[in-house]
Every structure is written in structure tokens, then in C-alpha cells.
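Start from chain A and add chain B according to the hints.
2 protein chains.
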Amino acid sequence: MRYLVKISYNGAGFNGFQYQMEGRTVQGEIEKILQRMHKAFVRIQPAGRTDSGVHAIEQYFHFDSELSIPVSRWQHALNSAMPDDIAIHEVTSISPDYHIRHHSKGKAYRYRIYQGSVRDPFEKGLKVHYTYDLDETKMREAMQHFVGTHDFTSFTSAKSPIENKVRHIYRFDLIRTENGYDFLIIGSGFLYNMVRILVAYVLEVGQGRWDGARTPEVIAAKDRTMVPKTAPPEGLYLERVFLNDEEREAALEKLKRTC
Amino acid sequence: MRYLVKISYNGAGFNGFQYQMEGRTVQGEIEKILQRMHKAFVRIQPAGRTDSGVHAIEQYFHFDSELSIPVSRWQHALNSAMPDDIAIHEVTSISPDYHIRHHSKGKAYRYRIYQGSVRDPFEKGLKVHYTYDLDETKMREAMQHFVGTHDFTSFTSAKSPIENKVRHIYRFDLIRTENGYDFLIIGSGFLYNMVRILVAYVLEVGQGRWDGARTPEVIAAKDRTMVPKTAPPEGLYLERVFLNDEEREAALEKLKRTC
Numbered sequence: 001m002r003y004l005v006k007i008s009y010n011g012a013g014f015n016g017f018q019y020q021m022e023g024r025t026v027q028g029e030i031e032k033i034l035q036r037m038h039k040a041f042v043r044i045q046p047a048g049r050t051d052s053g054v055h056a057i058e059q060y061f062h063f064d065s066e067l068s069i070p071v072s073r074w075q076h077a078l079n080s081a082m083p084d085d086i087a088i089h090e091v092t093s094i095s096p097d098y099h100i101r102h103h104s105k106g107k108a109y110r111y112r113i114y115q116g117s118v119r120d121p122f123e124k125g126l127k128v129h130y131t132y133d134l135d136e137t138k139m140r141e142a143m144q145h146f147v148g149t150h151d152f153t154s155f156t157s158a159k160s161p162i163e164n165k166v167r168h169i170y171r172f173d174l175i176r177t178e179n180g181y182d183f184l185i186i187g188s189g190f191l192y193n194m195v196r197i198l199v200a201y202v203l204e205v206g207q208g209r210w211d212g213a214r215t216p217e218v219i220a221a222k223d224r225t226m227v228p229k230t231a232p233p234e235g236l237y238l239e240r241v242f243l244n245d246e247e248r249e250a251a252l253e254k255l256k257r258t259c
Numbered sequence: 001m002r003y004l005v006k007i008s009y010n011g012a013g014f015n016g017f018q019y020q021m022e023g024r025t026v027q028g029e030i031e032k033i034l035q036r037m038h039k040a041f042v043r044i045q046p047a048g049r050t051d052s053g054v055h056a057i058e059q060y061f062h063f064d065s066e067l068s069i070p071v072s073r074w075q076h077a078l079n080s081a082m083p084d085d086i087a088i089h090e091v092t093s094i095s096p097d098y099h100i101r102h103h104s105k106g107k108a109y110r111y112r113i114y115q116g117s118v119r120d121p122f123e124k125g126l127k128v129h130y131t132y133d134l135d136e137t138k139m140r141e142a143m144q145h146f147v148g149t150h151d152f153t154s155f156t157s158a159k160s161p162i163e164n165k166v167r168h169i170y171r172f173d174l175i176r177t178e179n180g181y182d183f184l185i186i187g188s189g190f191l192y193n194m195v196r197i198l199v200a201y202v203l204e205v206g207q208g209r210w211d212g213a214r215t216p217e218v219i220a221a222k223d224r225t226m227v228p229k230t231a232p233p234e235g236l237y238l239e240r241v242f243l244n245d246e247e248r249e250a251a252l253e254k255l256k257r258t259c
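Protein chains in written order, with UniProt numbering: chain A, 1 to 259; chain B, 1 to 259.
Read the hints as simulated data drawn from the structure, not as lab findings. The reader is advised that the hints may include incorrect statements.
You can't tell identical chains apart in this list, so a pair holds if it fits in one copy or across any two.
[To be verified] Taking lysine-lysine and the DSSO-like style, the derived pairs with C-alpha atoms no more than 30 Å apart in a straight line are:
1. Lys222 - Lys159
2. Lys165 - Lys254
3. Lys254 - Lys6
4. Lys256 - Lys165
5. Lys124 - Lys32
6. Lys6 - Lys165
7. Lys124 - Lys6
8. Lys229 - Lys165
9. Lys138 - Lys229
10. Lys159 - Lys105
11. Lys105 - Lys222
12. Lys105 - Lys6
13. Lys165 - Lys105
14. Lys32 - Lys254
15. Lys105 - Lys256
16. Lys254 - Lys159
17. Lys256 - Lys138
Okay, chain A solo, but in the shape it has when bound (with noise of 0.2 Å):
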């Protein structure tokens, strides 16, 4: 049997989703209780890796299992395991071949900022703090630029294997919130740290370091370093992983409406 498993974690105590040997991450917790079910090791598949410190509000992955637990009761049975920091939301039986990294129709990210002069101990490991003044409409100008079907070589690490760099991003949002603002972004798929230089890149226009008419020109020149910085890990948060269009077109249609 093959199970799809919705997820939430706090990235704050982990170096990361995927296994090391030395540290703690999600993919070695979750294991480490599979391994104890079923006394043996059972590898698992995320739709996706985030990095040490990223947050995941809906991540999924699948694993095999033979063990006779009806369906309905693995969610209290893994959920009654995990840290907590890891919280199981769904569990689901899938079809033996389907691969979440394969079939899933696009991800949604949300990057979180707080102003203020003085930092906030609350926020800590949840919202990066950033001082500075922000020109509202300057970034949504630049980010409007994004939206589309575009090579993103200058938003990506320049360590990135992946040859195809063209990447479709069917909304970027700016969403002010108490205290500062929220960046939202959903795409068909993102590049290794695309989101945190993409959003790097906004608050240096944002804050007037930049000229986000200048946009164009830096996606022409696919070349990282016309965008020297990355933004922190702790204020990136994997919000949806859409499992197919419908999904993802239900997303969009609702944002239409509110946004």
C-alpha cells in the first residue's frame, strides 16, 4: 500500500528536510518512526526539500507500507509518535504508482517580514525582522515583472545542477499583515533558494537600492550575480503543494477575489 501523508512543521529545529547523518531533520524523524512500526527502514518521498530553518504550513510525502493499519488510524498512529514540531494532517491511500514530485501541479511559497525598530522575541525563528522602510509600490511593480513564463539563472543558486531554468509563476503577492508584510508566490515549480532571492531582490527595491523597472533586463541576463543577496531561511514557509490543476486553479481563483 502506498500512503500520501499531509504535513505541517516548525523548521526552526531542523537542519532541513532531507537526512543527514549529523543533525536533525524531518525526512530522519519521520523515519526513524516508520522504522520503529515496522522494523525495518522505509524510505520516504517528499513532494519537495526545504532548507535548514524553512517551514512547511502543507508539505506531503508518500511512503510503502505492508502493516495491516486501516487507513483511517495512521494519522493518530504517526501523529501520537511525532516531535512536536512535526504534525500529520491527512493520510490518504494512493495508487502504487504515483510519485507526489512527479504528479504535483505547482507549489505555493510565503516569505514573512516584520518591521519595527526593535526586534520582536516572538517572531524569533518565524518572521525575519527588517527596518528599513518599504516603498509598497515599488515592489509590487518589480514583482509584477516575475509573473509569467521566464528563466529565473539570476534567482537561483549559482551551485544549481538543474539545466531547464524556466520556471512559470502564476502570482506574486505582497500581503501587509500587523506588523509587516507577507510575500506570496505560486508557481509550477521553484529553483534551489529562488524564493528567498526573489524576494532579496524586492526588498532592495523596496527600499530603494535598486530600480525594479531594471527587472526585465536582470531576468535577460540570467546571471546571479546581477542579485547578490538571499533572504534568511526562517521566513520562508512552504504554504500548499497543489496535487493537481484543480487544485491549483481553485487557489488562484480565490486569491483573484481577495486579492
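Same frame as chain A, but now just chain B:
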């Protein structure tokens, strides 16, 4: 010169306020920074101590210094040296015979719980997960019995060395939040563990395990064994320290208008 400092801290990373030989404490972190600045040990005097895991939205301490830093520069000087789970909100100069523990006129504490069948990883260390259904009316009724002047022997740690256990409670309010409840209590002073024991008691009432109408009996018994539980520290916030009667009365007046 004596300086009064208003701070907040996230208790999750501390073994409480008070200095200990082993383990990270709020006092230890602040005194380490003051020692570095003064090249000599500087003792700080807090409005009150908080236990391991307990937070402060507003806490005060004072210290004496002969450094020739203008009072307007102290906030920035301290903040830039603080770790990211302590924030300095204000530094004022006060009379050298002012002592916050003797001169302050009461405190407000908040206790935060959230509900729902699944734990929320983002509430870790910030709110306590409480899965039982709660009867709001029963809780509010029980809470009103504590308002006024009472001997709180039944609601403090049996180990407390303080002889006079009479305290005055001005208000004890239940506030609905987006995912649970906040308990807000304002009093002349609080005994060791008192807020956490009161909240544990009210939750037992709300869950239907104890009849809240018997509260006057429990108070009159002056017997800690009648209230066996203490709510966990991570839900507790020192919310305000009232420097004088006027501050406290203004806060009470404001609550009267909104609650």
C-alpha cells in the same frame, strides 16, 4: 545613576529569569552584557522572576551604572548586544532609592491555550495544546470567585516560603482567540506557581471534572492538595508590571470598556 529598563523575552530558550550556574537565563545573559560594558560585575534587580519556559511581554529590571552614556543612547546600546530572544523597549533614569519590587503596584499575567485535534508546530513553546472540550460559562463562573482579596494557600506551590498568602485579584478574564482561549489575570501580586495552578483549576472546571460552584470551599480549605495540577510553563506570559496605581487603574478601566 539608576536605570529602569523595560524588556520582553521569549522564555522558550531560557531556564527561567534568575541566574544559575548551569543553563542559559535571562538575568545571566543581561548581566554578561553589562559586565562586558562596565568591565565589572553589575547586578540587575527585576520586577519579578519568571520560571523556565515562561515568557514576558513586559518585564522591568533596574541597575546602577557610572558609565557616561546619555540615557537616550542606552536602549540602542543594550539592544545591539542582546540575543534575539530578549528585546529592550525603554531605558529611563530613576531615583537611586527606587526599587521596582517594592514600588510596583501589581502585575498582569496572560495564559494562552489553543484547541483542535492536531498539534500546531508553530505554537510550540508559545501556547499550550488543550484537546478537551471546554464549557466557557462554567469557566467564567468559577473565575469570578477568585476576584477580590483571598488567601491563596490552595493555589500556590506547597514549597513556597512566603508566609502571607493573601493577595488581591482585580480581574480574571477569559478571552476567546482565533484558536483557543487566553486567561488574563490582574492582581496585587502573585505567589509561586499561582497563575499556572489557577489556570489548571479552571480548565478542570471547564472540562467538567470539577464543580466550579465549589470554588469558595477550595479557597477556604487553604490546602494545596485539593488542586493537584499546575499548567505547563510555556503558556504563561508576564504581560504587564504596573509601576504605580495610576497605570494599573488605567488598564483596569480600559478592560472594563472592552470586555
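Report task. Identify every previously stated hint that the structure contradicts and give their numbers, smallest first. Result -> Violated hints: 14 and 16; rest satisfied.
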